[in-house]
Amino acid sequence: MEKFSTFKGIAAPFNILNVDTDKIIPKQFLTTIKRTGLGKHVFDEMRYKKDGSENPNFVLNQKPYDKSNILIAGDNFGCGSSREHAPWALKDFGIKCIISTSFADIFYNNSFKNGLLPIMVTKDERDALLEDAKDKENPEIEIDLENQEIRRPNGGKIKFKIDPFRKKCLLEGLDDIGLTELHENKIKSFEESRSTKHPWL
Amino acid sequence: MSKTLYDKIWQSHLINEQDDGTSLIYIDRHLVHEVTSPQAFEGLRLSNRKVNSPKRTLAVADHNVPTLDRGLGIKEEDSRIQVEELDKNVEEFQIPYFNMNDTRQGIVHVIGPEQGFTQPGMTIVCGDSHTATHGAFGSLAFGIGTSEVEHVLATQTLIQKKAMNMLININGNLDKIVTSKDLILYIIGKIGTAGGTGCVIEYSGNALRDMSMESRMTICNMSIEAGARAGMIAPDDITFNYLYEKPMAPKNEDWDKAVSWWKTLPSDSGAKFDKIVDIDATKVTQTITWGTSPEEIVSIDGTVPNPDKISDEVKQNKIKRSIEYMGLTPGQKISDVEINTVFIGSCTNSRIEDIRSAAKIIKGKKVSSYVKALVVPGSGLVKKQAEEEGLDVIFKHAGFEWREPGCSMCLAMNSDKLNEGDRCASTSNRNFEGRQGKGGRTHLVSPEIAAASAITGKLTDPRNVT
Ligand code: SF4
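Protein sequence lines, in the order shown, are assigned to chains A and B. Numbering that gives the first Met the number 0 puts the first residue of the first sequence at 0, with every later residue one more than the last. Numbering that gives the first Met the number 0 puts the first residue of the second sequence at 0, with every later residue one more than the last.
Read the hints as simulated data drawn from the structure, not as lab findings. Do not take every clue at face value.
Stated by the list, open to error - Here are the simulated BS3-like pairs of lysine-lysine, each with C-alpha atoms no more than 27 angstroms apart in a straight line:
#1 B:K160 - A:K122
#2 A:K185 - B:K189
#3 A:K133 - B:K314
#4 B:K7 - A:K196
#5 A:K90 - A:K166
#6 B:K437 - A:K33
#7 B:K437 - A:K90
#8 A:K33 - B:K74
#9 B:K189 - A:K187
#10 A:K185 - B:K7
#11 A:K196 - B:K160
#12 B:K319 - A:K48
#13 A:K2 - B:K74
#14 A:K48 - B:K437
#15 B:K308 - A:K122
#16 A:K196 - B:K2
#17 B:K319 - B:K332
#18 B:K49 - A:K185
#19 B:K308 - A:K196
#20 A:K158 - B:K437
#21 A:K187 - B:K395
#22 A:K166 - B:K160
#23 A:K122 - B:K74
#24 B:K2 - A:K185
#25 A:K187 - B:K437
#26 B:K189 - A:K122
#27 B:K87 - A:K33
#28 B:K314 - A:K48
#29 A:K160 - B:K161
#30 A:K167 - B:K437
#31 A:K196 - B:K262
#32 A:K49 - B:K437
#33 A:K133 - B:K319
#34 A:K160 - B:K160
#35 B:K160 - A:K95
#36 B:K7 - A:K187
#37 B:K274 - A:K160
#38 A:K49 - B:K49
#39 B:K437 - A:K39
These numbers were taken from a predicted model, which means no experiment stands behind them.
Just chain B, same shape as in the assembly (with noise of 0.2 angstroms):
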C-alpha cells in the first residue's frame, strides 16, 4: 500500500501497539534544554531510574542564557540556578553538552541541524514545541512535555497515537520578493491556529523544492503555530548536500546506506492523507502579523482589520481585544504603524542566510534615532561565520547590538525584553501578548522587513529603503 513519508517513520518506529492505537514508538534523537528537563531528571533520581541512551540525547543551555557579557556569568539566580542544574545534571547522567561557553552552544533547534544530529527518517524529540523545524530534514520531530522528557530519558521511547496526514501543497512561483518566513505566516493565516490540530503536516509542491534547508526549516519551525503536531519536508540532494560533513552525519560506507535508505523515505505517490490544502504560491506576498495571534496576518501594504465586519461575536472580541492590546486602529495602514525595537533571532530565523539577507539591505544605512535594534544568532557557530563574512561590522555599523547566541527576546527569560507599551518587528514565531515581555506589542516578520523597519523606524516594505 502507497505510505506517506510520515507513515513511513512511524511504522519503523512501532515498537508496539495496543488495540486502542496507542502504541510505544523508539525515539531516534533527544534534544534537552534547562527549562523543561530539571523536573525530568528529578523523576529519574527520585525512581532510581539511569539515562538509557545517553549518546542519543544533546543537551545545550539557551532560554535563559544572557546574550551580553557572557564571562560575568548569569545575573538573574533563578535562571542561574536552573543553568547549574542543568550542567549538574548532564554530569550526573552523562549526557553530551554544549555549555554556555562552547562555540557550539546555541538554541536547541538550530544547533541540531548544525552538527547533523538531525537526520532524515529519524524521530527527534525534545520538551519544546519548536522541535518541529528539524521535520525540515524529513524527520518526524515534535515537542513533548516534562513528564514526556522523563519518558523518553528513562525508556527512550515514548507513547503516542498516531495522528493524521495533513498535506500543504505550495505550487507556482514564489515572487522573489517573498521569503520563507511570509509563506509560513501566509498558510498560518489560511488554515489558522488550529488548521493543523491532530496532524502532521507534510509540506510539498514545485516551491518547497528550490528552497533552501535553512528557508525549510523556518516552515516547518511554525507548523506548530498552525497547531499540528509537526510539519516535515521530504529529504531530497539538497538536504543530503547540506548534512554532507556534518559533524555528527554518518561517514564514509555509512553516509551511503544512510542515502539510499533516505532515497526511499518520501511519500509514494497514490498515498492518501487525511486533509489537503492547496496554496498558490503566486498569491503569497510579503506577508506579517498585526495582531496577538500568529494568523492575524497583513500583507506588509495592507490595512488593520475593522472587527464590525466579522459577524461571529467571539472573533471579533478577539479581534477587538488583539487591536486594543496592539494598540491600532481598524482600518490603519500597516506600513504607517511605528516600531521602536528590532529583535532579528529565534530559532524561527536566526540561521547565517538570514542574518545575511538582513545584512544586505542594512548596509551603509542607520538604525532610525529611536529604535532599539539587536542581532542574536542563532548559535556561537552562526555568529562566528558572520563574523568572519564581516557581517557583524555592518550590523554594528548601522546601530545594531551584535550579541552572543541564544533564546533571548524570543521568550524573554533572560534580560533581554520589551517594556510595556514597546513595539517589535520581530523575526521570531510567537506574537502572543507578553510574549517579548509584559505590555509588550510584537509584529512577527522576515528578517528583511526587520531589517528594513529598523531603519525607517515603521513595519516597512524592504523595496522602499533604498
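Just chain A, same shape as in the assembly (with noise of 0.2 angstroms):
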C-alpha cells in the first residue's frame, strides 16, 4: 500500500446524513472483478441525470470540487453493505480523507485497508469545517496525519485522535497479511490446541 503523507486539498461540502454505500457506489457497478476503474461512477445516482448527464446541483461535479480530495461528511458515513468497492470508488475519484462526526463500522475498517483515511471529530468540528469547504474562493484543507492535526484555511487547527496501530500501517504503509504472517507460530500452535479440544471445529 501506499504512504499516506501529508496533503493539503479541496475539501467539498457532504453534508448528508447516513449515506450508504449503495449510495457510494450502486451495485451495477459491483460485477467488476478489478479494484480500479470505479471512480467515474462514484455516488452515479446523484451525480448522473437520467440521460448520463451531469447533474449541475451535485457538489462534485461543481467547480472547484470536482476535484476534492476531502469529504466533510454527514453523520453515520459509509453505512449499509460490506462492499469495498466504496472505497475504492472514492479512491478512484481522488478522495483520500473524509471527516465526519460517525462512520459505519466496516465502511471504516475497509478505508484503512485502502489508504482512505476517515476521521472522526466533533459536530461542531464537522460544522466549522463545514463551513470552510463552502468557500469555493478557498476550500483547501490541510491533513497531517503524523501530528494528527487537521488545518483549516483560516490557520486554525483540529486535533483529531486516531488508533496508533492504524495510524502506523497507514503512515507506512503496511500490508497486514504480511504483518499477520509474522505471528506464524502462534496461529500454528492456536490451531492445534483447537483442534484437539474441539476436533470438530
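Hey, can you piece these two chains together into the complex? The hints should help.
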C-alpha cells in the first residue's frame, strides 16, 4: 500500500445524513473483478441525470469540488453493505480523506485497508469545516496524519484521535497480511490446541 | 469474572493482542460469494499465497445468479464473468463449493445454517454485511471487506479490535400477529441506524426464548441495519435441535462434546454490558418502513410522518427527501399506499417458515391484477421442501412467480429489479434509494404483510384479508 503523507486538498461540503454504500457505489458496478476504474461511477445516482449527463446541482460536479480530495460528510457515513467497492470508488475519484462525526463500522475498517483516512471529529468541528469547505474561493484543507491535525484555511487547527496501529499502517503503507504472517507460529499452535479440544471445528 | 457471550467467544479466539488492543483472532468459518471475492483471490495469486484452510471455507454463487431458466446460463456478461471467476478460483484453491446448479446452492446466509456449517461458539465471517445472521446460533459472525477476505483466506485470522457489549432485552409477550421481522424493524426504529455502532448486540429476554431459529436469524440478520458489527443470541435447546443431524454438524461423540461446550457459552449472570436497551414486547406492533432508511418505520395502521413537526434541520431534510423519493404525502395512511410489486425472498425472510406463513395467507386467493409478485426461496433445499409441501402450487395458483434461489430482487444485481417509480412490499432488509432498482421504492415488511399486500395491491394488515 502507498504511504499516507501530509497533503493539502480541496474539501467538498457533503452534509448528507446516513450516506450508504449503495449511494456511494450502486450495485450495477459491483460486477467488476478489479479494484480500479470505479471513480467515474462514485455517487452515480446523485451525480448523473437519467440521460447520463452530469447533474449540475451535485456538489462533486461543481468547480472546484470536481477535484476534491476530502469530503466533509454527514453523520453515519458509509452505512449499509460491506462492499469494499465504496472506498475503491472514492479513492479512484481522488478522495483521500473523509471527515465526519461518525462512520459505519465496516466502511471505516475498509477505508484504512485502502489508504483512505476516515477522521472522526465533534459535531461543532465538523460544522466549522463544512463552512470552510463551502468557500469556493478557498476550500483547501491540510491533513497531517503524523501530527493528527487538520489545518483549516483560516490557519486554525483541529486535533483528531486515531488508533495508533492504524496510523502506523497508513503512514508506513504496511500490508496487513504480511504483518500477520509474522505471527505464524502462534497461529499454528493455536490451531493445534483447538483441534485437540474441539476436533469438530 | 462474569463474561458475556461475546467476551467468551472473543477470548477463546484470541491469538495475539497488542498494547493498544489491536488483536489477531482466529476464524473458524469463512463463507465466500462471487461479488466480494474476485479481488481477494487475485491478491493471493499476485503475492503467491495459498488458501490457509480450504476446509473451513465454503463458497457459493448467489448475488448474480438468474432466478429463471437457470439452464440457459447467465445472460449479463459482467455477472457471468464474475460467477465464472468464482468457478475458476474455487477450483484453483480447492475450496468446497455449491455451484449454481447444485440443490444445496442458495443465499450464503441461508445455506450456512442449513448445512450446519454455522455452529455456536464459532467465529464466522463473509464478505457480506448480513453475515450477522449466523449470530442467531450464538456465534460471533460479522461482515468483512474484500481485503479482509484475502486476509482470512491467506491466514485464517483477522485483525480486529474488540467491540462494545450491547444488550437488547425483549421481555413480555409479543402479540400473536407480530413476527420477528416486525420486532427487528421496531427495534431499529427505536435505537436508530447508528444505535449499535461500535457494538456487538446480544438479544435476550423471554420473547426470544420461545422463538424458532429461523425467526432468530431474521432478527440477527438486521443487526447491521442497526449499525452493529454483529448480533447474537445465546444458544439453547432450540438451537441444538435445529443443528442436530445437519450435514456439517458434529456427529456422535463429537456432538455430545459440542453440546456440553455450547451450554457454557451464554452470558454469565452479572456480566457487564456497555449499553442496555429494554424493549417491552407488548408494545410491538406490525411494523414496516415508510421511507428510505430502515429506521423510518411505521405501524401498519399508522401514517407517514410530518417533517414540519421535526425541529432538527438535518433530520427534517432527510425525512423530506425520503417522503419525496417515496412519493408519499405527510399524514397519509400507510394502508392506503398502493404497491405494484411484491418480493418474498432475501437472507432476511426466505426460509421455509417464511414461505409457509406467506402461503397460509395466499391460499385460495388471487394476486391483485396490477401487482407483479415473486417468491424466491433462500436455497435449493428450501425450494424443494416447499414443493414437497405443495406450497409452490398455492403461490402459482394465486398468480405469484415461483423462482430459483438467489439474492434476486433484494439488491437487483441480476435482472430481477424494480423500474423507475415501481413500489414494492419486500421482505428484504434494505430500503435505500435505488436498492431494488433505480428509482424503485421499497417498503420493508414481514412475509405475512407482503402476502396480504399482494392480494389487495396496497400495504395491508394480514388480518384484513379473509
Ligand atoms: S439476500 Fe440481499 S442482503 Fe442477503 S446476502 Fe443477498 S444481497 Fe445481501
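Notebook entry, point to check: Does K196 (chain A) lie within 27 angstroms of K7 (chain B) when you go C-alpha to C-alpha?
Noted result: holds, 16 angstroms
Check: Going straight from one Cα to the other, do K90 (chain A) and K166 (chain A) come out at no more than 27 angstroms?
Finding: holds, 18 angstroms
Note to self: Tell me if the straight-line CA distance from K187 (chain A) to K395 (chain B) falls inside 27 angstroms.
What the structure shows: violated, 54 angstroms
Checklist line | 27 angstroms Cα cutoff - pair K133 (chain A), K319 (chain B) | finding: Holds. K133 (chain A) to K319 (chain B) sits at ~23 angstroms (cutoff 27 angstroms).
Margin query: Check the hint pairing K160 (chain B) with K122 (chain A) against an upper bound of 27 angstroms on the C-alpha distance.
Written below: holds, 25 angstroms
Item checked: Hint consistency between K185 (chain A) and K7 (chain B) [alpha-carbon to alpha-carbon, up to 27 angstroms] -> This hinted pair holds, its Cα atoms lying about 20 angstroms apart.
Item checked: Holds or violated: K160 (chain A) to K160 (chain B), with C-alpha atoms at most 27 angstroms apart -> The given pair, whose Cα atoms are some 16 angstroms apart, holds under the 27 angstroms limit.
Check: Within 27 angstroms, alpha carbon to alpha carbon, are K196 (chain A) and K2 (chain B)?
Finding: Satisfied, since the Cα-Cα distance of roughly 21 angstroms is no more than 27 angstroms.
Next item on the list: With a cut-off of 27 angstroms on the C-alpha distance, tell me whether K319 (chain B) and K48 (chain A) pass.
Entry: Status holds; Cα separation ~21 angstroms.
Checklist line | Holds or violated: K160 (chain B) to K95 (chain A), with C-alpha atoms at most 27 angstroms apart | finding: holds, 23 angstroms
Margin query: Would the hint linking K160 (chain A) and K161 (chain B) be met if the CA-CA limit is 27 angstroms?
Written below: Distance of about 18 angstroms is within 27 angstroms: holds.
Notebook entry, point to check: Within 27 angstroms, alpha carbon to alpha carbon, are K48 (chain A) and K437 (chain B)?
Noted result: The given pair, whose Cα atoms are some 12 angstroms apart, holds under the 27 angstroms limit.
In this structure, the earlier hints numbered 2, 9, 13, 19, 20, 21, 23, 25, 30, 38 are contradicted, and the remaining ones agree with it.
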